[in-house]
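Colleague: Sequence:
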Amino acid sequence: MRTDHMAAAEAAQEWQTTAWFNTPEPLSLAALRGRIVMLTAFQMLCPGCVANSLPQAQRVAATFKSSDVAVIGLHSVFEHHDAMGPNALRVFLHEYKIGFPVAVDAPDGNDFPLTMRTYGFQGTPTMLLFDRDGQLRRHVFGHIPDLQLGAEIMALVCEGLPPDATVVSGQDGVCATDGCT
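Using our numbering, you'd call the opening residue of the sequence shown number 13 and step up by one each time.
Be a bit skeptical, because a hint or two may be false.
Ranges of calculated distance between the beta carbons of each label pair, as one might list FRET restraints [as the list claims (entries may be wrong)]:
#1 99 <-> 172: 39 to 49 angstroms
#2 38 <-> 100: 26 to 36 angstroms
#3 60 <-> 102: 18 to 28 angstroms
Read the hints as simulated data drawn from the structure, not as lab findings. Where a beta carbon is used, it is the ideal one built from N, C-alpha and C, also for glycine.
Go ahead and model the full structure; you've got the sequences and the hints to work with.
Modeller: Rendered as C-alpha cells:
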C-alpha cells in the first residue's frame with residue numbers, strides 16, 4: 013500500500029538520532045539548509061526497503077550533485093529490535109555499498125522510534141523530501157517511480173533560481189548553475 017501527500021511548506025522538525033554512519037559528524041536539517049534533502053527511512057530487514065527504496069536513494073545520490081541534493085538514510089526500527097543493532101547496521105551498509113549518511117532513529121522506549129513518531133510514518137519504506145529552506149514538501153509511504161521522484165527533486169532544485177539560470181546535467185550529476193563539473 014502506498015500513501016503519499018504533498019505538504020504545503022510544512023515546518024519540519026529536527027530528526028532525533030542516536031548514531032550516524034558514513035559521515036564524520038551528525039547531520040541536521042538546519043546544517044543542510046540550502047540543499048534539497050531526501051530522507052529515506054528504512055529497516056534493513058524490510059524487503060521493500062532493500063529491493064526498492066535504498067537502491068533508489070543510491071541512484072538519487074549518484075544522479076544529483078551533493079551540493080544540490082543531500083540523500084540521508086534513517087534506520088527506523090520498530091520490530092525485530094535485537095536483530096537490527098548498530099553492529100548489524102554497519103555490516104549491512106558495507107555489504108549493500110550504501111555510501112550516503114545514515115542515522116539511527118532514537119528509540120522511544122516503546123515500539124516506535126522518535127523521528128518515526130514525530131513525522132507519522134506508517135512504516136517503512138518512507139521517503140521525506142525537504143526543500144532548500146528545510147520545509148517538508150513530500151511524505152511518501154512506500155515507493156514512487158524513479159522518474160516521478162527525479163522530476164519532483166528537479167522541480168525543487170530549480171525553485172527560486174533566476175529565470176535565466178541554466179541547469180546542467182551530465183555523467184557527474186545534475187547541477188543548477190553553469191560551470192558545474
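Colleague: Next, verify each hint and record whether it holds.
Modeller: These are the hints, each one checked on the structure:
1. 99 <-> 172: 39 to 49 angstroms: holds (42 angstroms)
2. 38 <-> 100: 26 to 36 angstroms: violated (20 angstroms)
3. 60 <-> 102: 18 to 28 angstroms: holds (22 angstroms)
When held up to the earlier numbered hints, the structure conflicts with hint 2 and nothing else.
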